[in-house]
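S.K.: With the sequences and hints as input, model every part of the structure.
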Amino acid sequence: MPILGRSSKAWQRYPMPAQLDAYAVDRLGALPEGRSLVIDLSKTKFIKPAGMTVLYWLVRGLREAGREVRLEIGSQDVASYLCRMNFHVPFRQDAGCSFEPNLQKMKVPKAYGAADRLMEFRLVAVTNDTDVTDAGKQILGIVETNAPAFVEARDELFTAITELLSNVERHSGVRETSVVAQSHKDCVRIAVGDCGRGIRASLTTTRKAQIESLPDYRVNLLATEPGVTGSLMGGGYGLTTIRDLVQERGQALHIISGSGRASILRSLMAGRQLQFAVPGTVVEVSLARG
Amino acid sequence: MTTLKVAEFSTMCATRPKGRAFYPLLLQCARDAEGEFAVSFEGVEFVTPSFLDETVAKLVAETPSVVHAIQIDGLREFPAHELAKIIQREDLDVELTRTGPESYRMAALV
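So the protein sequences, as listed, match chains U and C. Per the working numbering: the first sequence = residues 84 to 373. Per the working numbering: the second sequence = residues -15 to 94.
No lab work stands behind these hints, which were simulated from the structure alone. A hint or two may mislead.
[To be verified] In silico BS3-like cross-links for lysine-lysine, where the CA-CA straight-line distance does not exceed 30 Å:
1) U/291 with C/-11
2) U/190 with U/126
3) C/69 with C/-11
4) C/42 with U/291
M.R.: Here it is as structure tokens:
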């Protein structure tokens, strides 16, 4: 049934920053509690994989909570970006989620600049070990096709991707994850996100006393320590391996879970408490060419 | 020397569960070899550190009476480098040495 009139007062705005990246979550306020929410991307000029992943699971979480969501996009570049990445596709049958401009009606050329390549936004089922391996290989194939210079780092990339997907399968409690890949000059960024139980809840079973008094960002940093996320059967080196990799290569690892953002840049390990809790966990790894 | 070709099991040696599934075969091969034997990763597309931790590292660290040392062939630099770190972090009683291009020897220290 067509909507003949709607009060604008019912819609509360949730502004997004100019650059939607891992650090942007520091500046996001608490989510308004009203039923209808405008996610205001009018000032957003650039989106990185971690930002896109947070945005996706935020919208998804709001919709699953029965809230109406409208994404208002100001920049034509950002609209094109989201459209090319098929960001809107999972919501196309959802009358409670809309985009302005309407991404479903946009016609966007597939060609774009070689220096800043958008690669992929996709939802991946991770129900078992085979799913993890198959998805890892597919994502690696996409990276190698779009950024052939990274072929020489394929062992590192494959390990990073499969460890992240494996973490979702083993620890999140959900069976679906999103993967966003993007290359920028000499760097590839890959973000994996889910709407699962988050790192704190995952560690509570084995590290309750250790994490009880820690803020979320410290818990997220702790998850990169060797063996911390392991079970009685061993393991727990996935995030440690990725941390080492980014430190050795001078790139970055961001872990956003609960109300915390942990970042590892070269030898620097830092974090921030957020004003809102992200649904699940988002991890972004940046790797440079060897 | 007996050689176990991992590619005949899988060419995607990526995760801990995969490593755990491969371990009984590896252990049986070690028992049958009755001494030092080789594990070849020739033809394997990907090997992750987690897979190596669940297989070759576990074999030598936990069953030195069955196999005191193994030769590992066809293993690229990154997984070998990360395996060495895991050995250090877990304080396993094993030593990994490079014997040639993509070739390593893993021996028990006890």
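S.K.: Give me the numbers of the hints this structure contradicts, sorted from smallest to largest.
M.R.: 1
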